[in-house]
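Participant: Whole structure, please, built from the sequences with the hints as guidance.
When we follow UniProt numbering, the leftmost residue of the sequence shown carries the number 1, and every step to the right adds one.
It should be emphasised that the hints constitute simulated quantities derived from the structure, not laboratory data.
Here are the simulated BS3-like pairs of lysine-lysine, each with C-alpha atoms no more than 27 Å apart in a straight line:
1. LYS133 / LYS149
2. LYS133 / LYS93
3. LYS108 / LYS79
4. LYS81 / LYS108
5. LYS196 / LYS175
6. LYS140 / LYS108
FRET-style restraints, in silico, Cβ to Cβ:
7. LYS143 / LYS229: 41 to 47 Å
8. LEU231 / ASP171: 18 to 24 Å
9. LYS81 / LYS143: 33 to 39 Å
10. LEU203 / LYS143: 45 to 51 Å
11. PRO243 / GLU76: 42 to 48 Å
12. GLN138 / PRO99: 25 to 31 Å
Positions of the beta carbon are idealized from the N, C-alpha and C atoms, including for glycine.
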Amino acid sequence: MSAGALVRAARQQGQRRLLAWRQAVADVRLQQPTAGEEAHNTPHSGLQLRGFAIGRAWRPRRKDVMPDRNLPARNEQIKAKEVRVVFPVEEDKPAEVLPIRTAINLAKAQGLDLVMVSPRAQPPVARLVEWSKVLYEQQKREKAATKAKLAQQRAAVAREVRIGCQIAEHDLAVKMAQARRFLEDGSPLRLVVTFKGGQQVALGRDVALYLIGQLTDLCTIKDQKQLQKPLKNQWAVVLVPIPPAALTKPPAKQQQQQQQQTAAQQDKQPEADAQEEEGAAGAPHVQAAAAQ
Numbered sequence: 001m002s003a004g005a006l007v008r009a010a011r012q013q014g015q016r017r018l019l020a021w022r023q024a025v026a027d028v029r030l031q032q033p034t035a036g037e038e039a040h041n042t043p044h045s046g047l048q049l050r051g052f053a054i055g056r057a058w059r060p061r062r063k064d065v066m067p068d069r070n071l072p073a074r075n076e077q078i079k080a081k082e083v084r085v086v087f088p089v090e091e092d093k094p095a096e097v098l099p100i101r102t103a104i105n106l107a108k109a110q111g112l113d114l115v116m117v118s119p120r121a122q123p124p125v126a127r128l129v130e131w132s133k134v135l136y137e138q139q140k141r142e143k144a145a146t147k148a149k150l151a152q153q154r155a156a157v158a159r160e161v162r163i164g165c166q167i168a169e170h171d172l173a174v175k176m177a178q179a180r181r182f183l184e185d186g187s188p189l190r191l192v193v194t195f196k197g198g199q200q201v202a203l204g205r206d207v208a209l210y211l212i213g214q215l216t217d218l219c220t221i222k223d224q225k226q227l228q229k230p231l232k233n234q235w236a237v238v239l240v241p242i243p244p245a246a247l248t249k250p251p252a253k254q255q256q257q258q259q260q261q262t263a264a265q266q267d268k269q270p271e272a273d274a275q276e277e278e279g280a281a282g283a284p285h286v287q288a289a290a291a292q
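Facilitator: Below, the structure written as structure tokens:
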């Protein structure tokens, strides 16, 4: 057989394979699943052909089928036979135990939802409220939790401010404002004062003490030993922020001392007034005796 005949035979064989492949694909697309079988579980005849792969049927995403675990049950989702219904504050009505269907109908009649509050109570407690209000409160709680988590993460990471012992006055003010902002945000601060040469060791320590003194209203020193020996050419001190509650409210002992001092002053005030009156009454006698 000549070379041209071999080429024609190979070409015809390739065309036959292509036609067979197209026919197999068409059969797979036209095949329908049998009754009672799910589409994604039904095997296709085309899968038996070598070299073909048929994708599975569409399935909803996991997040679409999973219920919201943080949201309370409402209306028909409540499985209890009867619930203790808490009415809105505007109605000024005491809580009442009602069958679940009666409670749901009552909520829908008022344009509200029956939302579970305490599922473990006997009977479970539910309230009449707008569902949009429940979602809003849930979003507020989630935002507060996210904010608290970020604050904890921020508090775990120490921010750093580096200052040279011969820094200019304007640059020092900028660095101090930055340090105060870090401490007010609740982040630990690593204050680093750099110096050059052994002659500036004492100067660097004085600058560090001065800066710490300017920040004592917002923080405390984590370890006093950090001020005893420098690290190479720098003084490094970690400052821990004071909690906001401690900044706005004095300690309990200090409050008690202040109250005791105020009470003592109030007790001494009548005695002081009486002494002044006696002194005023005896003043003429003293003046007359001095004149004689």
